[in-house]
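**Student:** Reassemble the complex: the two chains are provided individually, in unrelated frames, and hints are given to aid placement.
Chains A and B are the protein sequences, given in the same order.
So for the first sequence, my numbering puts the first residue at 31; every next one is plus one.
So for the second sequence, my numbering puts the first residue at 78; every next one is plus one.
Worth flagging that the hints you see were computed from the coordinates, not collected in a lab.
The model shown is predicted, which means the values in this text are computed figures rather than measured ones.
Be careful, since some hints might not be right.
Selected chain B positions facing chain A (in silico; Cβ < 8 Å) [claimed, not checked]:
id	residue
1	P79
2	T81
3	G104
4	M105
5	Q108
6	T109
7	K117
8	Y118
9	T121
10	A124
11	A125
The C-beta atom is built at its ideal place from N, Cα and C for all residues, glycine as well.
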Amino acid sequence: MFGLVDIVRTALNMGVAMSFREKLSWVSLGGITVAYGPYFFIVLVLQRTPTSLGVADAAGILTAVLVLTCLMTVATIIVAITNVRDAQAPSDERDVRIAGRAVAFAYPVLLAGVFAALATLFFGANQAVLINAVLAAVVLGELTRCLFEIVGYRTRG
Amino acid sequence: MPITNQIRLLRFMAGEMTQAELGARIGMTRQTVAAIEAGKYSPTLEAAFRIAQVFGKPLDAVFQWDGDAVSRP
Chain A
31 MFGLVDIVRT ALNMGVAMSF REKLSWVSLG GITVAYGPYF FIVLVLQRTP TSLGVADAAG
91 ILTAVLVLTC LMTVATIIVA ITNVRDAQAP SDERDVRIAG RAVAFAYPVL LAGVFAALAT
151 LFFGANQAVL INAVLAAVVL GELTRCLFEI VGYRTRG
Chain B
78 MPITNQIRLL RFMAGEMTQA ELGARIGMTR QTVAAIEAGK YSPTLEAAFR IAQVFGKPLD
138 AVFQWDGDAV SRP
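This is chain B alone, in the form it adopts within the complex (with noise of 0.2 Å):
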């Protein structure tokens, strides 16, 4: 998948928050949470905005886009 994401990084440097406060946060299962987290799953914008906004960060500080990695043979 060519969406990556720092969401382990980021709970860490939160004070080891958990994936179910994450989740707890921005209206989703832990299960989900982990999903995104390994790369499993991409969430809509609308929650990729809310799990920026839980961290302070920036989106693209969040996540990171390899547009190569999909044009690549």
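Chain A on its own, in the form it takes in the complex (with noise of 0.2 Å):
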């Protein structure tokens, strides 16, 4: 029978030989992209930024946490499935290689974000302006984590 985990193993091993944890990282930039690209939308296009934070405003940012966590988890499940023997298999060399680069690309980016968060504050910023803009350094981090992963994999890692 070709169930829906045939046709996800299918769709996931399409063409290119993807490790599991090059699948992980696919999973966590769409799982970032998906969670915070409607909150930033809303907040950033739609200029809904509060004067002050309040609970509608945690509820947004805890919407936007939840989605992450449940499309990761379904998602990373979904992928340790459909490839039992690479997700049992300890990371190797490469992966703790293109992991670390990743990680050095990602760092500065953080860095840079969160003290242009703090900036913010000089120029008048509320608290809402800068949840915001550190929640949007550690996102922005984590994209650049995620993408430098796939360009590690896809390329000479």
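**Tutor:** Encoded structure:
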């Protein structure tokens, strides 16, 4: 029977031989984009940044975190089920090297983002702007890490 | 990349050993073995020795370094 697991397995293995950890990087990239994309669209594009923090803001951030957690959990389980042997294998030296290099690229992005967020205080930013700026820095850092992991696997890891 | 290797040939001579089998014996994933074989990833010295050990060959029978390729303009 060609079930859902087979469809997902075929899609995940299409064309290229991806390692389990590369698939996890793609999952993280997709999850972060889907979870935080709409959140920052509302905050930045629709200019819904309030002047002070309230329950609605906390709910917005919490929703994004919950969406990310759920997406990551489900997607990781699916990837693991469709690649049981790879999922059980520990990271090898290439995985570790790629992860280390990705963190080395992402850390300055995170640091610059956090300092930029703090700098907003000197321009009269309120709590809501500061929180969103710090959150954006964290999200940018994570996106950078995922992107460089994928680049590492796709190029000369 | 100035480092080439004979892993594909050695796997063939070792009874068509698969990349997954080689990977399992040296503690690497199949994808990493494929990357090494394709010259897209240079393994650590320890991993290179482990690969050579699997095939019962000296290191320079498995990996070759074309140093001139680096210095050539």
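**Student:** Can you name, in rising order, the numbers of the hints this structure does not satisfy?
**Tutor:** 1, 2 and 11
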